[in-house]
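Chains A and B, in that order, are what the protein sequence lines are.
In this text, residue positions in the first sequence follow numbering that gives the first Met the number 0: the first is 0, and each later residue adds one.
In this text, residue positions in the second sequence follow numbering that gives the first Met the number 0: the first is 0, and each later residue adds one.
Derived by calculation from the structure, the hints in this document are not laboratory data.
Computed list of lysine to aspartate or glutamate pairs in EDC-like fashion (alpha-carbon distance at most 20 Å, straight line):
| # | chain 1 | residue 1 | chain 2 | residue 2 |
| --- | --- | --- | --- | --- |
| 1 | A | 119 | A | 66 |
| 2 | B | 389 | A | 406 |
| 3 | B | 338 | A | 387 |
Computed beta-carbon distance windows for the label pairs:
| # | chain 1 | residue 1 | chain 2 | residue 2 | range |
| --- | --- | --- | --- | --- | --- |
| 4 | A | 80 | B | 29 | 46 to 54 Å |
| 5 | B | 17 | A | 295 | 29 to 37 Å |
| 6 | A | 145 | B | 397 | 18 to 26 Å |
| 7 | B | 1 | A | 42 | 48 to 56 Å |
| 8 | A | 433 | B | 338 | 26 to 34 Å |
| 9 | B | 29 | A | 311 | 29 to 37 Å |
| 10 | B | 127 | A | 295 | 32 to 40 Å |
| 11 | B | 107 | A | 39 | 57 to 65 Å |
| 12 | B | 29 | A | 27 | 46 to 54 Å |
| 13 | B | 264 | A | 65 | 51 to 59 Å |
| 14 | A | 362 | B | 60 | 27 to 35 Å |
| 15 | B | 37 | A | 64 | 26 to 34 Å |
| 16 | A | 85 | B | 1 | 41 to 49 Å |
| 17 | B | 170 | A | 433 | 21 to 29 Å |
Being a predicted model, the structure only gives us computed values, none of them experimental.
Where a beta carbon is used, it is the ideal one built from N, C-alpha and C, also for glycine.
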Amino acid sequence: MSKDIRIKKGLDIKLVGDAEQTTTKLSLGSVYAVNPEDFHGVVPKILAKEGTEVKAGEALFYDKSDERILFPSPVSGKISEIIRGERRKVLTIKITADSKQDYKDFGTANVDAMSAEEVKNHLFASGCWPFVKQRPYDVVANPNQAPKAIFVSGYASAPLAGDLDYTLKGKEAELQTALTALTKLTTGRVHVAVGSSNSPLASAKGVEVHQVSGPHPIGNVSTQIAKVSPINKGEVVWVVNPQDLVVIGELFLTGKFNATRTVALTGSKFNKPHYVTALAGANIGDVVKGNLDTDNERIISGNVLSGTQVSQDNFLGYYDTQITAIPEGNDYELFGWNKPIFNKISTSRAFTFSWLTPKKKYDLNTNTNGEHRAFVVTGSYEEVFPLDIYPMQLLKACMYKDLDEMEALGAYEVAPEDFALTEFICVSKQPHQKIIREGLDLMREELG
Amino acid sequence: MGLKQNLHNLKEKYKGTKMAPAFNAIHTFLYLPNETTHNGTHIKAADDLKRTMNIVIMALVPCLIFGMFNAGYQHNAAINGFTEGMSFFSGDFWNLDNLLIGAAKILPLVIVSYGVGLIVEFIFAVIKGHEVEEGYLVTGMLVPLIVPIDLPLWMLAVAVIFGVVIGKEVFGGTGMNILNPALTIRAFLFFAYPTWMSGDKVWVADARELTGTADAISGETMLGSLAQNAQSSFSNWDMFFGFIPGSVGETSTLLILLGALFLIFTKIGSWRIMLSAVIGALVMGFVFNQVVEMGWIGETSKFYGLMSLDFWKHLLIGGFAFGAVYMATDPVTASQTNKGKWIYGFLIGFISIMIRVFNPAYPEGVMLAILLMNVFAPTIDHYVVQGNVKKRLKRAKVKTA
Numbered sequence: 000m001s002k003d004i005r006i007k008k009g010l011d012i013k014l015v016g017d018a019e020q021t022t023t024k025l026s027l028g029s030v031y032a033v034n035p036e037d038f039h040g041v042v043p044k045i046l047a048k049e050g051t052e053v054k055a056g057e058a059l060f061y062d063k064s065d066e067r068i069l070f071p072s073p074v075s076g077k078i079s080e081i082i083r084g085e086r087r088k089v090l091t092i093k094i095t096a097d098s099k100q101d102y103k104d105f106g107t108a109n110v111d112a113m114s115a116e117e118v119k120n121h122l123f124a125s126g127c128w129p130f131v132k133q134r135p136y137d138v139v140a141n142p143n144q145a146p147k148a149i150f151v152s153g154y155a156s157a158p159l160a161g162d163l164d165y166t167l168k169g170k171e172a173e174l175q176t177a178l179t180a181l182t183k184l185t186t187g188r189v190h191v192a193v194g195s196s197n198s199p200l201a202s203a204k205g206v207e208v209h210q211v212s213g214p215h216p217i218g219n220v221s222t223q224i225a226k227v228s229p230i231n232k233g234e235v236v237w238v239v240n241p242q243d244l245v246v247i248g249e250l251f252l253t254g255k256f257n258a259t260r261t262v263a264l265t266g267s268k269f270n271k272p273h274y275v276t277a278l279a280g281a282n283i284g285d286v287v288k289g290n291l292d293t294d295n296e297r298i299i300s301g302n303v304l305s306g307t308q309v310s311q312d313n314f315l316g317y318y319d320t321q322i323t324a325i326p327e328g329n330d331y332e333l334f335g336w337n338k339p340i341f342n343k344i345s346t347s348r349a350f351t352f353s354w355l356t357p358k359k360k361y362d363l364n365t366n367t368n369g370e371h372r373a374f375v376v377t378g379s380y381e382e383v384f385p386l387d388i389y390p391m392q393l394l395k396a397c398m399y400k401d402l403d404e405m406e407a408l409g410a411y412e413v414a415p416e417d418f419a420l421t422e423f424i425c426v427s428k429q430p431h432q433k434i435i436r437e438g439l440d441l442m443r444e445e446l447g
Numbered sequence: 000m001g002l003k004q005n006l007h008n009l010k011e012k013y014k015g016t017k018m019a020p021a022f023n024a025i026h027t028f029l030y031l032p033n034e035t036t037h038n039g040t041h042i043k044a045a046d047d048l049k050r051t052m053n054i055v056i057m058a059l060v061p062c063l064i065f066g067m068f069n070a071g072y073q074h075n076a077a078i079n080g081f082t083e084g085m086s087f088f089s090g091d092f093w094n095l096d097n098l099l100i101g102a103a104k105i106l107p108l109v110i111v112s113y114g115v116g117l118i119v120e121f122i123f124a125v126i127k128g129h130e131v132e133e134g135y136l137v138t139g140m141l142v143p144l145i146v147p148i149d150l151p152l153w154m155l156a157v158a159v160i161f162g163v164v165i166g167k168e169v170f171g172g173t174g175m176n177i178l179n180p181a182l183t184i185r186a187f188l189f190f191a192y193p194t195w196m197s198g199d200k201v202w203v204a205d206a207r208e209l210t211g212t213a214d215a216i217s218g219e220t221m222l223g224s225l226a227q228n229a230q231s232s233f234s235n236w237d238m239f240f241g242f243i244p245g246s247v248g249e250t251s252t253l254l255i256l257l258g259a260l261f262l263i264f265t266k267i268g269s270w271r272i273m274l275s276a277v278i279g280a281l282v283m284g285f286v287f288n289q290v291v292e293m294g295w296i297g298e299t300s301k302f303y304g305l306m307s308l309d310f311w312k313h314l315l316i317g318g319f320a321f322g323a324v325y326m327a328t329d330p331v332t333a334s335q336t337n338k339g340k341w342i343y344g345f346l347i348g349f350i351s352i353m354i355r356v357f358n359p360a361y362p363e364g365v366m367l368a369i370l371l372m373n374v375f376a377p378t379i380d381h382y383v384v385q386g387n388v389k390k391r392l393k394r395a396k397v398k399t400a
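From just these sequences and the hints, can you work out the full model?
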């Protein structure tokens, strides 16, 4: 039954600071927050005003385009502050947590006996719907469309990403329940990608399990979709993260919305890179306390390729299960553009010697290693880009906003994260992910 | 902190002013800038455009140095006679006398090329308020290598201004141009000052000045003599090593081959273009050889000299090797898709030899072949990309059917 997915094109970026396989359970922090910006494309309509008491799982806001899509509070407590930006756009909803957690009860449910509509409604009511994202456009799924398949990537290949085989261990029951729920939502199949047969997902029933192997971006869902069942115009595929499956599974089994994640603290700026358990929206400062080397560091919620830059006052991204800390690269380097380079990664051999030591782990910083330029070099993106798409041509189509061309070149099949590697190796230091994001937003706006 | 801190303070002080790009160009030449990533990838690979361009320049330096020695050697040899069967490391070639004659001729070309070109780049950067781009670093090095040794400096200056402004800046600068700027410069020279760019007097130092005097020397390239059905006096090894008259940097096939290997190894130059250009040239040369063999072209034909040349010798003479390795592979003006690169390279080789044979007045085809294919590169890419688009549409149709 198992169909293997294998790719050759790509690049494994090996960095210092892999998480050691021990998990520390963090005590409950005092302040949590949800940033509506984590849900790209959602226009939030506030349900819980400042000062309201909420239980864990109670909705904070809903999506303007579909009021069934609720966004829940990860903790029980009091809404202490709603920070707004320009044109009263909601930036952050802060919740001061109660010392004793109180969960809103959604009632246990037997997934096997439920119909598609019942599953959907249960996910809506409990605020679990935002965990379901869709391709095209890489946004929270539109529940009115019927997906041709649902994909779960149980293998994380991004630099320093937490080992899902480790973080999901012992959650087999929740995962199976959630996967069964997902099978009700599509007429097609649910595809699960696993890195090895040790994965807790490998023995899941009712789904199609794929063994994947190869360099990053094999763990990206787009890569797996492209190999299994590429998206054509008009088709929709839904995507769920494996850690979110655990939350969904727990909801069905216990009736509680428990957004606890096993977060990997990774990168060279952590004294002891390892795993901690934390709730979604946890304060970064609380999570990294005592472990971070605070000397000119960059903290990232997520991985080094697609994560968000945060400070200790910010909060863990809603979907993120990794915090990375690497050195800031805000220093000049004498003749850095022509001297031989041994301590940085490069796919060329232009006096960069990372090809000599493919196993070495690097301590990269955030320096751009050069200035922004127009696209000049050709042919290098293709070597790290496994999809059957011309990456530079698609980027250019997004830049000059030619919707027809974007569509023809395969914009439906990609998410910004798929362009992380091409952005990493880009000699012209172009912001590929931003270009793709803006292109996709434009398509979504114009074509729906 | 010394220099680093002082430069940083200067940069901050003049940030946003008109002259900032000019200052930054010099600053970033000394120091890799302190710019950090924002959202997007938080880390970046080590290469930037400066490094990429620098590799190409390094691949060109041996050709330049060889060109200096060769210029002196050709000058002296034309007066004193050639040394027969010289080895590559012969003292008759690598001596100070040759170097001095060559350097006195060639260094001014390099200085004018870089000086004028960079001034134009700086002016455009300041006017448009973008950073000074690195494209000219390579162009400025290529230009002295593809002109005749005796070219007057003012002509070079005029051509460089034309080439950079019309060939590149009007399109928006590095990365936007359609034609290879170095070849635009050469083409401008060729059409504006044909007597200085072809014929039998410009390829050896001082050949023109000595014309009509008792010391008159010939200054003809091999292509020139072959085009006139004359027998060449150079051995194959001379041609391979590069002890022949020609543009400054184009003569030594050996060094160009080493440069090509270096570019391929560093993954800066496209091996697809280089290989397919060689294949294209060999195929065309072979076809011409067969035509001669069949007796369709007699010895009296004006095409006979070049057409009957063994097909593989085309790679050794003229600027073909130089063009295929250093000019055709310019990523901005070449095809951008891998499939397109095969077609693009093949046609460059094919057309180069065709022009070479059929245009006896100016038997150097590679320049025009590359410029022609520069123009067609986007078309080639278009069809290659359409192939991908069609595949996607077909996939959708199979699904719905």
